[in-house]
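Construct all of the structure, not just a fragment, from the sequences and the given hints.
Number of protein chains: 2
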Amino acid sequence: METILQGKATTVRIGPDLPAVLIGERINPTGKKTLAAALTACDLAPVKELAQTQVACGAAVLDVNVGAAGVDEVSLLPRAVAAVAETVDVPICVDTADPAALKAALAVCPGKPLVNSVTGERARMEAVLPLVAERGAAVIGLVMDDSGIPSTPASRLEAARRILARATELGIPREDVIFDPLVLTVGADAQAARVALETIRLLRQELDANVTCGASNVSFGMPDRPLLNQIFLAMALACGVNCPISDPSHFCDAILASDVLLGKDDYGMRYIHACRARAAR
Amino acid sequence: METILQGKATTVRIGPDLPAVLIGERINPTGKKTLAAALTACDLAPVKELAQTQVACGAAVLDVNVGAAGVDEVSLLPRAVAAVAETVDVPICVDTADPAALKAALAVCPGKPLVNSVTGERARMEAVLPLVAERGAAVIGLVMDDSGIPSTPASRLEAARRILARATELGIPREDVIFDPLVLTVGADAQAARVALETIRLLRQELDANVTCGASNVSFGMPDRPLLNQIFLAMALACGVNCPISDPSHFCDAILASDVLLGKDDYGMRYIHACRARAAR
Chain F
19 METILQGKAT TVRIGPDLPA VLIGERINPT GKKTLAAALT ACDLAPVKEL AQTQVACGAA
79 VLDVNVGAAG VDEVSLLPRA VAAVAETVDV PICVDTADPA ALKAALAVCP GKPLVNSVTG
139 ERARMEAVLP LVAERGAAVI GLVMDDSGIP STPASRLEAA RRILARATEL GIPREDVIFD
199 PLVLTVGADA QAARVALETI RLLRQELDAN VTCGASNVSF GMPDRPLLNQ IFLAMALACG
259 VNCPISDPSH FCDAILASDV LLGKDDYGMR YIHACRARAA R
Chain H
19 METILQGKAT TVRIGPDLPA VLIGERINPT GKKTLAAALT ACDLAPVKEL AQTQVACGAA
79 VLDVNVGAAG VDEVSLLPRA VAAVAETVDV PICVDTADPA ALKAALAVCP GKPLVNSVTG
139 ERARMEAVLP LVAERGAAVI GLVMDDSGIP STPASRLEAA RRILARATEL GIPREDVIFD
199 PLVLTVGADA QAARVALETI RLLRQELDAN VTCGASNVSF GMPDRPLLNQ IFLAMALACG
259 VNCPISDPSH FCDAILASDV LLGKDDYGMR YIHACRARAA R
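Chains F and H, in that order, are what the protein sequence lines are.
Numbers 19 to 299, taken from my numbering, label the letters of the first sequence in order.
Numbers 19 to 299, taken from my numbering, label the letters of the second sequence in order.
In case anyone wonders, no lab produced these hints; they're calculated from the structure.
There could be a bad hint or two in this list.
Pairs involving identical chains hold if they fit within one copy or between any two copies, as the list cannot separate such chains.
Said to hold, decoys possible - Below, computed lysine to any residue pairings styled on SDA-like, alpha-carbon distance capped at 25 Å:
hint, residue 1, residue 2
1, LYS282, ILE167
2, LYS282, LEU245
3, LYS282, GLU216
4, LYS282, ASP207
5, LYS121, GLY189
6, LYS282, ASP242
7, LYS282, PRO241
8, LYS26, GLN223
9, LYS282, GLY239
10, LYS66, GLU20
11, LYS130, ASP242
12, LYS282, ARG219
13, LYS66, ALA115
14, LYS282, VAL92
15, LYS121, ARG142
This is the structure in structure tokens:
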């Protein structure tokens, strides 16, 4: 099942037999003081720069999140989305918890964007999914519901089924619902990563869905986080994640290596090309 | 299903819910000119040194292979095994293609060793498995047979079933047969790693077997081999490998990180301890 996204001038296909699509995560002020300050001052220059550098490093889609204290997202998110669309051609993943900001951003976003995110919570589905349906966008479903984040893979799959059922009722095609297994921190729960990996397998097997996930939550509070993140990302890709959301400057090579190993890069041509480009820099 | 190995003074348990057991691969002259020259001169000092350094880096079992041009394995392999057993306490994996050398080495090896390896080839099974049965050892089965290395995971599983059937006929307990999925080179066959990963899943699901594999074959001829090897190792562990054979100085941290992510290292205590020990060095 293929999800097709469109940017201003590029089309991106996400599917189980296609090379992984990297969604660049860096346009997000969480934990980034300088970016948060710029956004509060409505300065979009750093957003444009992050758009360019991430695409140069291999991002095929860009997540755009401007949520920070003191930011009016309804006003700023559409401007940030427009600034990214002005700067690069790739599809945009509109990332906000505010339905009004989502609506305003979708109105100015070119092509066919991705929406990050909906959950299986009743109120959230009713606020987000109609906007997704109306705009003809794709959406990321976080596998949680009104009782919170389920602790078992089977119950996370149930939350995914609930989101999928409501989405299809509203006319959103099945292939336009991508799922995120929700990766919690192994430092707080030793089974957190294992549950996420098993959830990824179920989402692929039972729903034939495309699956995203972030790799960095998993390692909070642990030493050598880059090692843990990279190993987790490799495991997640082997279990079926095909559009990871991560920092392209850190993880693009690992994702390209994973494509080689999963038989998605014949003769390793993309990988070899990237290694040569890196050596030439 | 647990495989139990014994060294001179340590017992090692291999099982699906236990931390991964690293089999150190470095006592092997293939591609190592200095070691090959020492072995040809019957000098076992480098073997003892490799035994110590690998155990210090986290190897729980040591592979011992002395196969090189000009080496009389029947004479040298027992001496090498004895030298390793003198130096360290861990179980030994006796690695040879020569049944006479295997017999001689098993006679001097302490505890309950592992034998590397048998295949599903009729002649090889009849030469190796009776020695394994008589000695009460465990054995690694390479999933190939008289027609060569099967190209599909399902036919590799058939080769494994054939080995298991003959082993149990000879009185070897099921749990003492560990399988190796055979990892070929992605540079020669784009599906090589994918077939190995799927074979690992089948060996775990269908036979409940413990599974070893090497990580370095996969990347021959490709750029940035350490990255490819590490990503492949992570994927293999996520698919069910639980006693990888590799170089502990390169891969011990990745294996410990994998244990954390697969829920086999509560609170990450072993991982955190290893990171601290590394920082203190």
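Intra/inter-copy verdict for LYS66 and GLU20 if alpha-carbon distance must be at most 25 Å: neither (29 Å within a copy, 55 Å between copies)
Give the relationship of LYS282 and ARG219 under a CA distance limit of 25 Å: within one copy only, between copies only, both, or neither. For LYS282 and ARG219, both the intra-copy (18 Å) and inter-copy (19 Å) Cα distances are at most 25 Å.
When no copy is specified for LYS282 and ILE167, does a C-alpha distance of 25 Å or less occur within a copy, between copies, both, or neither? between (32 Å within a copy, 22 Å between copies)
As a check of your reading, is LYS121 near GLY189 (CA-CA no more than 25 Å) within one copy, between copies, both or neither? within (18 Å within a copy, 69 Å between copies)
Copy assignment of LYS121 with ARG142, given that the CA separation must stay at most 25 Å: Only inside one copy: LYS121 and ARG142 sit 14 Å apart there, 68 Å across copies, limit 25 Å.
How do LYS282 and ASP207 come out at 25 Å by Cα distance, when the copy is not named: within, between, both, or neither? Answer is between; shortest inter-copy Cα gap is 12 Å, intra-copy 33 Å.
From the Cα coordinates, with 25 Å as the cut-off, is the pair LYS66 and ALA115 best called within, between, both, or neither? Within one copy only: 22 Å inside a chain, 61 Å across chains, cut-off 25 Å.
First find the shortest C-alpha distance between LYS282 and ASP242 inside one copy, then the shortest across copies, and answer within, between, both or neither for a cut-off of 25 Å. Intra 29 Å, inter 18 Å, cutoff 25 Å: inter-copy only.
Which holds for LYS26 with GLN223 at a C-alpha limit of 25 Å: within a copy, between copies, both or neither? neither (33 Å within a copy, 46 Å between copies)
Taking 25 Å as the upper bound on the Cα-Cα distance, should LYS282 and GLU216 be classified as within, between, both, or neither? both (22 Å within a copy, 15 Å between copies)
Taking 25 Å as the upper bound on the Cα-Cα distance, should LYS282 and VAL92 be classified as within, between, both, or neither? neither (40 Å within a copy, 45 Å between copies)
Give the relationship of LYS130 and ASP242 under a CA distance limit of 25 Å: within one copy only, between copies only, both, or neither. neither (38 Å within a copy, 36 Å between copies)
In this structure, the hints that do not hold are numbers 8, 10, 11 and 14, in rising order.
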